Amino acid sequence: MWSAARRVVGLMVLATMLAILSSSHAAAELEIPTLTGRVVDKAGILSDATEATLSAKIAAHEKASSDQIVIVTLPDLMGRPIEDWGLMLGRGWGIGQQGKDNGIIFLVAPNDRELRIEVGYGLEGSLPDATANEIIQSDVIPHFKQGDMEAGVIAGLDGILAALGGSYQPAAQPIVGSGSEFSNAVDTAVPILFFVAFAGIALLTSLRRRWDKKRNRYIWYVAHSSGSSSGSSSFGRSSGGFSGGGGSFGGGGASGKW
Amino acid sequence: MRIAGIVVLGLLAALLVWGFSGINAIPSKEESAKAAWAQVLNQYQRRADLVPNLVATVKGAAEFEKSTLEAVVEARAKVGTMQLPPDLLTNPEAMRVFEANQGGLTSALSRLMVVVEKYPDLKATEGFKTLQAQLEGTENRIAVARKDYIDSVRIYNTELKTFPGVLWKSFLYADREPMQQLQVEPEKQDVPKVDFGASGN
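Line by line, the protein sequences are chains B and X.
The opening residue of the first sequence carries number 291 in this note's numbering; numbering runs sequentially from there.
The opening residue of the second sequence carries number 216 in this note's numbering; numbering runs sequentially from there.
Hint data in this document are derived by calculation from the structure and do not stem from the laboratory.
No experiment lies behind these values; they were computed from the predicted model shown.
Treat the hints loosely; a few may be bogus.
[What the hints assert, rightly or not] Okay, the calculated beta carbon distance ranges per label pair:
#	chain 1	residue 1	chain 2	residue 2	range
1	B	N401	X	P335	26 to 32 angstroms
2	B	K332	X	L382	44 to 50 angstroms
3	B	N401	X	L231	44 to 50 angstroms
4	X	N257	B	R403	42 to 48 angstroms
5	B	N401	X	N257	49 to 55 angstroms
6	B	S457	X	P300	23 to 29 angstroms
7	X	L382	B	W548	53 to 59 angstroms
[Stated by the list, open to error] A few chain X residues that don't get close to chain B, going by computed Cβ distances all over 12 angstroms:
#	residue
8	Q260
9	K274
10	A276
11	E278
12	E289
13	K293
14	V294
15	P307
16	G318
17	G319
18	G352
19	A389
20	R391
21	E392
22	Q396
23	Q398
[To be verified] One-sided and incomplete, this derived list gives chain B residues near chain X with beta-carbon spacing under 10 angstroms:
#	residue
24	D419
25	A420
26	T421
27	Q436
28	F539
Where is the CB? At the ideal position from N, CA and C, for every residue including glycine.
For reference, chain X alone in the conformation it holds in the complex (with noise of 0.2 angstroms):
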């Protein structure tokens, strides 16, 4: 029985080694998921910084769907005035008015893409072709800064949730709570409709 013992011993030491391997991974990951949330914003502050010049560039074409400009206009200010409380990324409500407000510009942005087939001679100039490259690109980093943000959150969520890093919650980061999780992608699945006959809105 005592080489029983003896591995009984073993294994519970390896069990402790293991757990306390595991003392940082929960600021490490709250780290990283902090820095893939940094990233988010700067993709998401780079479009709000081509909106003003996107803005002059349709506002030179003869007669502008005005309707359309002017959502945007109202979009990137919405965006632009948030407020963004320190908590963020752990409150429900202010995740929610910063995914709606963010959101708004998508599809502002996208439906003033769409309005742009109607004008030919603007779509053909040099300017408006760098912004659009631009603007799809900046589009393209975003959604792949959010989904490092997701995947960062996923594994940070988890940490705090499973053995052994539910342990060291309990003893050492009690205040960490679990970060928001972002919807994947939803300005995907609403593809804006392209509808030339009506024009009001």
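One chain only, chain B, in its complex shape (with noise of 0.2 angstroms):
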């Protein structure tokens, strides 16, 4: 009798393993690194005090703004294209509030001489590609090609921050009268982005509290968490400080090589 209900009882657990094995698909992906602050330096190019000067700067941003911003340096992207990997870690990570999307990764591949501004859905306004663009290639791979690569990627966090603070202006201009130009472009384009996000926002709220009422399903929410659900949650985010706010990526932003 004892040991029906003991095969009985293995029975169960075999099922209830059963039952959370095909729940959660094992997504064997490429190795994610830990995200150990604001600047990950996995590539060793940045000095203990640059560092220390980037994550301040980072930080006292993220604090006015509610932005995320990290810096990320691989030492080797694999043979995956860069842009694969700025997506895996804005979204493994969650980098960015939840809800806003506002967060940003500067990826540096210095032995594969690439690098990238993955933009999160919320700041594409801010920063659009073409920015994130003159960004690299302006302020940015010029230090990279003399070999500097420390003041590339401080060049290339002060071209950020100024460009999500509406005032930033190429470093090396060819020609003199394009760069007023543009950044008057950016002044007055700024505002309206503002305001037609703001409008977006409050339309699809109200379309979601219909919906909702309607029938209890989240339509648009699930087209912002559908990336991130294959176990983001199991990806190494850091218990000491910092973490990613769950901000979601949507393939925005530039890549360089040089």
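Please dock the two separately framed chains into a single complex, following the hints provided.
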């Protein structure tokens, strides 16, 4: 009798385990480095002092705006496009605040001689692809070409922060006139984008409320979480001080090579 | 034997609870796949909106290769006039047409970007550099949106075919069909050849 009961209990445990297994599809992907802070210098191109300065700058900006920026250097892209890494790191760590998606990954792969600025959904307005490209081409790459990695990363972060503050000016501008013209366009575009974003959010919220009443589903919420749903919580989030706020990314930004 | 009976009953109850908890799985996974598809359409629209500006900028360059530009305009028009049937996601033929048209614009645009290499003056202009960055960013967004759609369709189709979803499908959601899967970035497999000698096509 007892053996029969034990066998049944064993079956039950097995069934439970199967249920758990079938509900969580194990994601065997590339290993994502641990989010050890706002600067994750895996490639070891930054001195401790520079790292501290960069972290402090980012922290100050985050305090003022809630935007999250993470600087990552990788020794090896493992043959994957840098765009894949930007997306994986951004979504895996959940950089940016949930719902605002205001995260940025500034990714440098010194040995592959590639870099990328990955921009979260919520910051695509203040840091459009063209501006990210401008920062890469005219602020960062000139330093990298001279072999000064630290100066390039610092200039890149300054460019990103300036763009988020709405006051970005490309560093080395060969044609004098077009620089101010460009920033004028940015100056007028930013308030308009803010207004459009605000109106869009208001509309979406009211739509969502109506949907929720009709039937208990979250239609547009899913679009934001669909990418990070496959195991974001399992990635190495840091325990010490800094962690992602749950923001998501949609592939915005720009890449460059030198 | 009584204990064994109770345990078996408990097991059955657990199975039932587990099965019932999935009653909403099919519609909610269907909605997330549809939302992912909306994002795909959104990003393709973003690209289509860039094209007129790009064509206007390139046209300004002296004697820019006409056939390349015409191919872009034609592919853009095809995408713009395409009718999307309501059952697009479950209709293989409609999906094939959609993919063929969008793929046509993808290759016409990458061809254009290759040809632009022959016009350094055009490449250096501020307007073109901006458009190029926007186009690259949009192509990347399209790739991400497609990947998200592929993932959520895989989850939805699996739910339709596996237990307990397959039971719910037969009881409540008999009209639900598996959604069409996308090819994984076919445009990335055939990288356009750079051939400066033959300017005919």
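A quick look at each hint next to the structure:
1. B/N401 <-> X/P335: 26 to 32 angstroms: Cβ of B/N401 to Cβ of X/P335: about 30 angstroms, so the range 26 to 32 angstroms holds.
2. B/K332 <-> X/L382: 44 to 50 angstroms: The hinted range 44 to 50 angstroms holds for B/K332 and X/L382, with Cβ atoms some 47 angstroms apart.
3. B/N401 <-> X/L231: 44 to 50 angstroms: violated, 56 angstroms
4. X/N257 <-> B/R403: 42 to 48 angstroms: With Cβ atoms ~33 angstroms apart, the hint is violated.
5. B/N401 <-> X/N257: 49 to 55 angstroms: About 36 angstroms separates the Cβ atoms of B/N401 and X/N257, which means 49 to 55 angstroms is violated.
6. B/S457 <-> X/P300: 23 to 29 angstroms: violated, 48 angstroms
7. X/L382 <-> B/W548: 53 to 59 angstroms: holds, 57 angstroms
8. Q260: Since the minimum Cβ distance to chain B is about 14 angstroms, X/Q260 lies beyond 12 angstroms and the statement holds.
9. K274: holds, 20 angstroms
10. A276: holds, 17 angstroms
11. E278: Given that every Cβ of chain B is farther than 12 angstroms from that of X/E278, nearest at about 23 angstroms, it holds.
12. E289: Nearest chain B Cβ is 26 angstroms from X/E289, so the label holds.
13. K293: Holds, since 24 angstroms exceeds 12 angstroms.
14. V294: Since the minimum Cβ distance to chain B is about 20 angstroms, X/V294 lies beyond 12 angstroms and the statement holds.
15. P307: Consistent with the label, X/P307 stays out of reach of chain B, its closest Cβ about 23 angstroms off (over 12 angstroms).
16. G318: holds, 19 angstroms
17. G319: Its Cβ never comes within 12 angstroms of chain B, the nearest being 22 angstroms, so this holds.
18. G352: Nearest chain B Cβ is 3 angstroms from X/G352, so the label is violated.
19. A389: holds, 19 angstroms
20. R391: Holds, because the least Cβ-Cβ distance between X/R391 and chain B comes to about 15 angstroms, which exceeds 12 angstroms.
21. E392: holds, 20 angstroms
22. Q396: Label holds. Min Cβ-Cβ 15 angstroms, cutoff 12 angstroms.
23. Q398: holds, 18 angstroms
24. D419: holds, 3 angstroms
25. A420: Interface hint status for B/A420: holds (4 angstroms vs cutoff 10 angstroms).
26. T421: Holds. Min distance 8 angstroms.
27. Q436: At about 22 angstroms, which exceeds the 10 angstroms cut-off, the nearest Cβ of chain X leaves the hint on B/Q436 violated.
28. F539: holds, 8 angstroms
Of the numbered hints listed earlier, those contradicted by the structure are 3, 4, 5, 6, 18 and 27.
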